[in-house]
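Fit chains B and C with the ligands to the known structure of chain A by using the hints.
Chains as they are written, first to last, in the working numbering: chain A, 1 to 975; chain B, 1001 to 1313; chain C, 2001 to 2246.
Since the hints were derived computationally from the structure, they do not count as laboratory data.
Bear in mind the structure is a predicted one, so any value in this text is a computation, not a measurement.
Below 25 Å or equal to it, Euclidean Cα-Cα: the simulated SDA-like pairs (lysine to any residue) are:
id, chain 1, residue 1, chain 2, residue 2
1, A, K716, A, P650
2, A, K275, A, P461
3, A, K201, C, N2181
4, C, K2238, A, V297
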Amino acid sequence: MNPFKNQKEIVKTSPRVSDEIKQTTCYMCACRCGIDVHMLDNQIRFIEGNKNHPTNKGVLCAKGSAGIMQQNSPAKLSKPLLRIGERGKGEFKQIEWDEAMQIATTWLSDIRNTDPKKLAFFTGRDQSQSLTGWWANQFGTCNFAAHGGFCSVNMAAAGLYTIGGSFWEFGEVDWEHTKYFILFGCAEDHDSNPIKMGLGKLKSKVDSKFVSVNPVKTGYSAIADEWIGIRPGTDGLFVHSLIYELLKSNKVDWKYLSKYTNANWLVYNNPGNEKHGLFARDENNLPVVYCKNTKIVSSDIENTNSAFFGKYKYNNVEVIPSFEFLSKEYLNPKYKPENISKLIDIDAKVIKKIAAEIAETAFEKEIEIKVDWEDHNGKKHSSFKGRPVSMHAMRGISAHSNGFNTCKLIHILQTLIGSIDVPGGFRYKAPYPKHVVPGPKPAGKIVKPNTPIGGMPLGFPKSPEDLLTDEDEKPLRIDKAYSWENPLSAHGLMHMVINNAWKGDPYKIDVLFMYMANMAWNSSMNTEQTIKKLTDKDKETGEYKIPKIIYSDAYYSETVPYADLVLPDTTYLERWDCISLLDRPISSADSAADAIRQPIIKPTRDVKPFQDVLIDLGARLGLPGFVNEDMSPKYPNGYSDYIVNHERQPGIGPLAGWRGNGNQFGKGEVNKNQLEEYIQNGCFHNYEFNDNQKYYKFTNKHYLNFAYEMGWINKKVPIVIQMYSEEMQKFKLAGEGYGDKIPPDHLKDRIKKYFNPVPTWYQPFEEKINKEKGKNFDLYAVTQRPPHMYHSWGSQNAWLRQITNLNYLYISEYIAQENNLKNLDWVWVESFSSKIKVQCRVMKGVNKNTVWTWNAIGKRKGAWNLSPGAPESNKGFLLNHLISDVLHNEGNRNSQLSNSDPITGQAAWYDLKVKIYKCKDEEIDGKIYPNFDIIKNKSRKNIYISDYGKQFTKEFKDNNLTLNQEYIGNSKNIK
Amino acid sequence: MHPSKSIIFFTVMSGTGYGIIICLSFLALIAEINFNYGFKLSLILISFLFITLGLLSSTLHLGHPERAWRSFSQWRSSWLSREGLAAILTYIPLMIFYLLWFLEMDIFKYFLYSASILSVITIYCTGQMYASLKTVPAWHNVYVTPIYLINGLSIGSLSIYCLTRFYESEIQHLYQFTLLSLALCLLLKITYWFHIRTKSTSSINTAIGLGKDNKVSFFEGPHTGKNFLTTEMINKIKKEKANFLRLCFIILSCVLPMYMIVQEATLIIDAFILKLSFFITLVFALIGMLIERYLFFIQAKHVVSLYYGENKV
Amino acid sequence: MTSLPAKQNKKLGLVIDLDICVGCHACAVNCKEWNTSGHSSPLHDIDPYGDDPTGVWFNRIHTFEVESEINGSKTVHFPKSCLHCSDAPCVTVCPTGASYKREEDGIVLVNPETCIGCKLCSWSCPYGAREYDEEAGIMKKCTLCVDKIYNENIPESDRVPACVSTCPAGARSFGDLGDENSNIFKLVEERNGYDLMPEQDCLPTNKYLPPREKNNQFKNDALNSITNDNDFSFDTWKEIIEDASK
Ligand SMILES: Nc1nc2c(c(=O)[nH]1)N[C@H]1C(S)=C(S)[C@@H](COP(=O)(O)OP(=O)(O)OC[C@H]3O[C@@H](n4cnc5c(=O)[nH]c(N)nc54)[C@H](O)[C@@H]3O)O[C@H]1N2
Ligand SMILES: Nc1nc2c(c(=O)[nH]1)N[C@H]1C(S)=C(S)[C@@H](COP(=O)(O)OP(=O)(O)OC[C@H]3O[C@@H](n4cnc5c(=O)[nH]c(N)nc54)[C@H](O)[C@@H]3O)O[C@H]1N2
Ligand code: SF4
Ligand code: SF4
Ligand code: SF4
Ligand code: SF4
Ligand code: SF4
Ligand SMILES: [Mo]
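Excised from the complex, chain A in its bound form (with noise of 0.2 Å):
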């Protein structure tokens, strides 16, 4: 030991990263990327993306890698829970499975007997729907959903309903190919991984340009080459103005509209008819257009001189193209840029640059794939034309009352310069496209006693005729879906169940089961009050007003408290999934595709994985489809039983890949080994299409057959893009009075003014009401996702709250000014319904009448495993206090509306509207306001250190061992 030497490195440079990868998929938010679980002496060593997946082909985001620690939490739930104190207090016994199947059994079957749709079955964040739907259909309830209500319908309706397809996460843009991008209103989505691939990959081209409409500038927005820091709500008025600008300019792909839209379809034009709006259809009930030569012709001829324009005479009656009555709506000057500007925040001259730039980029910059393939009519192409022009879209446009109107008036735009599922342009993923509007339609219109409502209670509304309302056009859900007070509310509208079933509006239920949704937090509106309904008395019985209510979570969250049984769930490392093609597939644009999950652990707790629980419940309840003819269950082995062996039409199973023999895709014989060909193929599978089917699929008619195959869609006929919409006409005519079913008075002028043809924007309900009664809630609040945070439950992951574990409400420097504010100042925060109190700081990039926060970082006290004086619970807030889960204006309270789209019934989160204030200093108190009481549980632990990888380090440490014995000072490091 010689104190002058130096001591060297000797640098292990080739330690043991795992003795086994295991490949599943990933869970920590909903993009479902492919990862690689490296195990080490069985505990996990790395997780990293799998880089022949599809989706994420080897990147893997923050919360990806954070994996880690989410299995790691201590606020994993171990054991079923009965609660056995007060609702929401936190008491319960734990209790073995078997007593809470008993339960929970012995409560639904009570209701099957008696009348099904007492049970309210919502499942948030679940990526099973093709099961649970299905169960919630053989238990015989009308009352299913999942989140999609709250979250994001407006863009999946309006694309279905549109063009077949839709952003979300069924499209993609065509990042190879473009040369333009707009992205609307979107931080982080489900296609998480993909965008940022895309956008790296698009920054990187020379003649590239990405522009962000979006009223921060923060994510995605930073790197944008141009944003557009638009007023919330108005994104409708931006895309009218540079419909307006195109039209007025004849920047338009006409051939394109004559030969995949519906633009020349001719409607009749006779006000005050019961047909007025609807399309003139001949006698096989194909709509017609006019033609110079021919005259009217069947719509589904070839031709290319059909007429745009023009007032014709059909069976006596005047009928109009399509586009004759929506170029007149469009080109009204109320459009102009000069004359949106200042409604939306944006000089008239960017908006003309804008409308510029596309025209030129779609006109000038065409390109061009050389592939043989033909359309449906047989007609052979050489190549794949493209307008390099693409579009997506998200919750910053589907998360306002205007936002079904707003996400078709993109798809109108897009339609317009021809760039969807062209080269460079916008492209659906598989399964889609679909036929406009796809089938099936909602079931539950009939609930009886032990008997399945014979149909998947999610679906598509074509006209009035399908709604499920009763006699009195009174809501047949507990949601209100499908009512005349949000027709086509397609996936539901899950933040209402709470309020509605705490009313008893339109009717009392019995249970609430729940599974994978913080209904107590972060996804409702109005949280204060929910919490309050939860727990809610009726006063004359003593009962609670919602009087059972079931729930299944993997983590102490929000919700879990007011649960009266908890149904602990496995983390996604341990348990069986599979991501279907016959629910949200990971299809990309180019192949098919779905996965699975594999268990990579054991868990260590007496949890059991959500779905075996529903098969079995299924079986205890002696559900048809779940069990055999002589009761016994059909799934004895659970979901990764019913993945293989269940079949929704012969042939066709949750898995498409390997059935049979193990050769075929799509359809075929169940195949006993299918889960173990998923396993040695990285957890999924993927089926390229040929080169000739990759765009124009909606008249491709090689992709056509084969879609038609796999039973995606159920027609071998074109898919014709709506830029008129019968369907949306259907419903204006029952508003105006015409047809057998028509809505109830109040809502007659509500359906009249927002189903309308062809879209338009209209001011969002919360501005408007604000205007209307003279309030003062002048700004527009609206959160963003963090790229490393899932909601709520990322912040019991010991990394990831490191990053972020409070938030501060970020305003404009003009707001900032106004208000005589400074960083870090405390200031009050108020809406129609509720006031906060929390910490702001001035920013550049946002739209100056803007505040905003991040989503869902503000926790309750004592829930996650967090301890009560986490930052997260005294800094940290949520905006959902002030949003209102009701409309604030004139009417009988008990026919409030839900603060939601007229349309689909999504949740208007961005709707919001408020004031903000400084605090008098004797209001600060370093804490934010309003401070909820600590959730009590008595299994939360206190963890001083967290040394991950320690168990690992021998690897690198017995290499230098001997050489290091001799010092003193390194016998710590001696075993």
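Just chains B and C with the ligands now, kept in the frame of chain A:
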């Protein structure tokens, strides 16, 4: 920078200890320093304890004190290594000096001189360790090392002076020497404070490197909470508080001792009270020095703070 | 001795593209994930579920707003880890030799067996790239994934730093910046890669690529209306269109 208690304690204590030795050697050059045993013993004890406690505290502040011996190896490049080495080397002549001085053997002087040269070197190394850090502009200047030296010297000589009051003895030239070093200490420190008002060339622009003409502002840090860098390198003090503390230092460590020394004759107080007041003066002066050292850290901005919201350092 | 190596065979390092970085923190978390079981294992977290959690991180993402007169304000995400400086002050100040720069590839490492935890190196680094592990009592830092980039137990294509292979946007590149023929070197040349705080004279190996300005790709910034703009008439417009669309 984080004002670590152990480092503040270390630098002040051992600086004082070394200062006593250096001062003694000056005095030995120009006068006799053969005092009574009690006085000697006190000086020996005080200087030894100050030096040793200081060094111990700095060692214990390490993450791995048991490996401290490893720090001798890098004397070729590291001021900290040099400092450690010099500190240890100082002990050799120092202990011999103590012994010989106590035994009244005349050759003690040579060992005193050697110990004192090594003490200067040790303090110099300490000073250089800070002064060589380009990352902390308030330290990276010509004042820091002299300040360390003069601080040690002034408080060292003040310690001896106070002891002379206690033992009621006189040392030639000590009076002038102490006053001079205290004055110099004050002067240098004030000059230093003026100097550090000018900012370095590092700014938020150079830190993220996006153009001189742009206005760069901090938006979000990597963590909403603290991290090692913010606790270790980014510490702030309110201007008013800092000014008050500066004043405390000036009064406690410079003005008060000088006043006591100069006005001693005019103070008509009881001998015991006088002794006591010199003792208190010394304690106050030490406290003042601790304050000075605290300010030396807390007022020094590290360039890394440019990544955490500072625009200039 | 801890002086810097006289010659450097290679200069391995990272290049970070500020034009592409979306500030997603993936590189920071994946870095932590790899390294908590790697050379410097474990990267302790203190009070992980408590009131004031902290931990050891080698890579961090900052965000700035940059305002210029011509282009207005821009939000810039700014990842930062050790820059593996050629003239690394963190090496020369180290009293024990625990902090050293490898001759073979220029990677700056800390020997966990000899570091005494004096923290001086962290003071000397202008970039805040050193991480003291309170629990372990030693200094840690980005190792450039030295236990991954040469690791023979993983496929060759995986032998890149964790932060690079994980970055969803592709904003990070890794390679030999001392080799003028390497792709990474050319990338830096082409994109005017720059050094952080050059005035600190550390000669960092890692380079940053500035955001690109993409202007002037378009010929027109306004569309020519086919009708008279001021008193627009639908019927006139329609006539022109009908003629044109034939
Ligand atoms: N202010 C505001 N509010 C919003 C939004 C907004 O933008 N702003 N966004 C809305 C949107 S789009 C959505 S989708 C919702 C999301 O809101 P939620 O659906 O409530 O999402 P999470 O917070 O992720 O909660 C899901 C629950 O699932 C649990 N969980 C996690 N993993 C598992 C598992 O493996 N099994 C089981 N059984 N449970 C698990 C979690 O612990 C958590 O309690 O929030 C909505 N709320
Ligand atoms: N990391 C992470 N990823 C997630 C999630 C998560 O919690 N974390 N959640 C997943 C879920 S459930 C969903 S639904 C998706 C949602 O993904 P996103 O759609 O990206 O959701 P948000 O973060 O709500 O982003 C909305 C964006 O719209 C902007 N915005 C608000 N109002 C307007 C407006 O009126 N006009 C325009 N143009 N922009 C506006 C906001 O500033 C924000 O940038 O993300 C999914 N991915
Ligand atoms: S985006 Fe991230 S969290 Fe979501 S699935 Fe992919 S890796 Fe996991
Ligand atoms: S992973 Fe890439 S895009 Fe994300 S913060 Fe790191 S460098 Fe930026
Ligand atoms: S960045 Fe800092 S730690 Fe890394 S080599 Fe340079 S000076 Fe050393
Ligand atoms: S903390 Fe460790 S690596 Fe850093 S200077 Fe001190 S001994 Fe060297
Ligand atoms: S190179 Fe490795 S250690 Fe360094 S920042 Fe990247 S992942 Fe972390
Ligand atoms: Mo969502």
